[in-house]
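Student: The chain contents come next:
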Amino acid sequence: MSHAIEVQNLTKIYPGSGEGFLAVDKINFTVDRGEIFGFLGPNGAGKSTTQRMLTTLLTPTEGQILVLGHDLAQNSYPAKRQIGLVPEESNVYTELTAWDNLMFTGRIYLMSKADRTARAEELLKDFGLWENKDVKAENFSKGMKRRLSIAMAIIHKPALLFLDEPTPGLDVQSTRAIQTLIRQLSAEGTTVFMTTHQIEEANQLCDRVAIINYGKIAAIDTPEKLKQTFQQVQSVEIAFTSSPEGLKEKLTTLPEVSTVLKIGDKWRLYTDSPPDLLPLLMRFSEKEKLDIVSLNTLAPSLEDVFLQITGQQVGSVSEGPSQQKADRRRKKGKQS
Amino acid sequence: MKIFWKRIKDELSQAWVVTLKDIKVYYLRPGMIMFGFLMPFFMFFSFSVRREMAAGEGMSRLLALTIFFTAAAAGPFIIPTERRLGTYDRLLAAPMSLFTLLLGKIAVGAFFAIVVSSIAAIVGILFLDAAIAHPALMIVGIFIGSFTFSTMGLIFGSIPTRNPGDVQMPSTLIRWVLLFVSGVFVPLSEMSTVARGISYISPLTYAQDLMNHAVLGTGELALWLNLSVLFLSGIIFLLPSIKLHKRGRVLGY
Ligand SMILES: Nc1ncnc2c1ncn2[C@@H]1O[C@H](COP(=O)(O)OP(=O)(O)O)[C@@H](O)[C@H]1O
Ligand SMILES: [Mg+2]
Chain A
1 MSHAIEVQNL
11 TKIYPGSGEG
21 FLAVDKINFT
31 VDRGEIFGFL
41 GPNGAGKSTT
51 QRMLTTLLTP
61 TEGQILVLGH
71 DLAQNSYPAK
81 RQIGLVPEES
91 NVYTELTAWD
101 NLMFTGRIYL
111 MSKADRTARA
121 EELLKDFGLW
131 ENKDVKAENF
141 SKGMKRRLSI
151 AMAIIHKPAL
161 LFLDEPTPGL
171 DVQSTRAIQT
181 LIRQLSAEGT
191 TVFMTTHQIE
201 EANQLCDRVA
211 IINYGKIAAI
221 DTPEKLKQTF
231 QQVQSVEIAF
241 TSSPEGLKEK
251 LTTLPEVSTV
261 LKIGDKWRLY
271 TDSPPDLLPL
281 LMRFSEKEKL
291 DIVSLNTLAP
301 SLEDVFLQIT
311 GQQVGSVSEG
321 PSQQKADRRR
331 KKGKQS
Chain B
1001 MKIFWKRIKD
1011 ELSQAWVVTL
1021 KDIKVYYLRP
1031 GMIMFGFLMP
1041 FFMFFSFSVR
1051 REMAAGEGMS
1061 RLLALTIFFT
1071 AAAAGPFIIP
1081 TERRLGTYDR
1091 LLAAPMSLFT
1101 LLLGKIAVGA
1111 FFAIVVSSIA
1121 AIVGILFLDA
1131 AIAHPALMIV
1141 GIFIGSFTFS
1151 TMGLIFGSIP
1161 TRNPGDVQMP
1171 STLIRWVLLF
1181 VSGVFVPLSE
1191 MSTVARGISY
1201 ISPLTYAQDL
1211 MNHAVLGTGE
1221 LALWLNLSVL
1231 FLSGIIFLLP
1241 SIKLHKRGRV
1251 LGY
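Chains A and B are the protein sequences, given in the same order. Just so we're aligned, residue 1 is where the first sequence starts under the working numbering, counting upward by one. Just so we're aligned, residue 1001 is where the second sequence starts under the working numbering, counting upward by one.
Derived by calculation from the structure, the hints in this document are not laboratory data. One thing to keep in mind: the hints can contain errors.
Lysine to any residue pairs mimicking SDA-like chemistry, simulated, CA-CA at most 25 Å apart [to be verified]: (1) A:Lys142 to B:Leu1091; (2) B:Lys1006 to A:Gln74; (3) B:Lys1006 to A:Pro78; (4) B:Lys1006 to B:Ile1235; (5) B:Lys1009 to A:Arg119.
These numbers were taken from a predicted model, which means no experiment stands behind them.
Kindly generate the complete structure, drawing on both the sequences and the hints.
Tutor: Below, the structure written as structure tokens:
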């Protein structure tokens, strides 16, 4: 059987001043049927751009996309019938009730009346919206709207579901509910493609993760294997009884230490080689007359891997590409 | 062959679902009421009060105005609004052709125009004693004109933007220009040769003349010409909309 998604050489240059803006740069990947595939990257990395190309909303500049075995450039109709889409803002028709939103979507997907009413009832009950089925969506909370949006995307039981940033801006309960839901869908056999800039979400939900940065895929693997690949981003966590002024600077000057972060009452020291750092730390504490409360070596987290790949400062997930880098990318777009 | 007809049937039903949904969602929106429902009456009264006018003449003019303004108001309002809210993506990603989606959107504007002009017609007949020379032709004219001008409005709605304001300006401007070059406020028979030549460019001229045929029983142009021009321009107006939608898909709207 074909892959759920197969992408070759996919490129998007947004037309604009000069040669335009290179948002996705010759990416290749496949998504297997049944898996939860995470598309992880900082804001502006090209996640939505990619997803919009995969769902026919955006015309690629170059490259080939097969969705459920169908070439989108040839005939997107059979693929469109089998996919569900939760857009980035996951918007519903606020003037319509939850029920009418689902009925509308069911009819657009050519479901019979019996099918769509039965399915809508099932979904609204599952999603905790049944009591509010006749309430206009404008009165819904953000979490309720998001759940309704997902219900609309799966009313026709798509084989492949796309979610663009399903949880940011939601409270903890709604986030949990949506993550549970995604797992459930996956268990029932739906393939899930989701974009996220939340590392922990990708770590907990996804079978495989692609890390995208500046329009390029930097790595694709299971979360655990990604962590193993990046053994160099290991760290040692140490807590002292006190933290006198200037301690951070002193720790930073230790050989073997690349970055120092303060996390609560602990210090996290990033290093290529914890075994070499430990004796240094012992001597350091004696010299500075500091007592050690605890000392741990830590394996890299997915966050560490992500930060390493995206070249961002450890501990500071920046909100988007810096202007300078964006400019550089524009130039690159010109050359290609 | 059977599959082909099934697909046609499916697409038509999808277009109809889009139309019904839009009617439900947008009929009470201030932007729609303002530009779609009130504007034609406002135009009618501000340019007609000072002139002595027979009821039939007023009726015919009001019908042309309501068809023109109401039908052409829906597209430029609804599509950019849906793009801004992100709900348009749902429709674009749905398993239906672009033509089907556009057909659904055209029918919304046409529906509003048919309702508003029917109300105008009923009021005219009941309260102004306007006599309608050819009622059947009037109904045909309302239908065909509503679809044509809705398709015209759709061109503006198809401009890739997420801001209805971007589109409202040019679309209102064009409608005003068309309004003043067409034989609505100044009858074709009273126009100079040049003005008359210009008026032939505007499809509204033919809609007005068609309404004159229907209500007054006489027009300056041949009936078949009015009907064919309206019908053909309705189809030709579809092409820029399709092009603009494809452009939107490239630009990322
Ligand atoms: N329609 C557009 N026109 C021009 N540039 C765009 C457009 N949409 C997105 N971009 C740019 O492309 C880059 C990738 O955007 P996007 O795919 O939305 O990122 P992400 O979803 O990963 O946050 C960003 O730098 C963004 O500014
Ligand atoms: Mg995004």
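Student: For each hint, tell me whether it holds in the structure or not.
Tutor: Tested hints:
Among the hinted pairs, lysine 142 (chain A) with leucine 1091 (chain B) is consistent with the structure: their alpha-carbon atoms are about 22 Å apart, no more than 25 Å. Of the pairs offered as hints, the one joining lysine 1006 (chain B) and glutamine 74 (chain A) holds, with about 21 Å between alpha carbons and a cut-off of 25 Å not exceeded. In summary, the hint linking lysine 1006 (chain B) to proline 78 (chain A) is supported, as the alpha carbons are separated by about 15 Å, within the 25 Å threshold. For the proposed pair lysine 1006 (chain B) and isoleucine 1235 (chain B), the alpha carbon gap of about 24 Å is at most 25 Å, so the pair holds.
For the suggested pair lysine 1009 (chain B) and arginine 119 (chain A), the alpha carbons sit about 23 Å apart, so the restraint of at most 25 Å is met.
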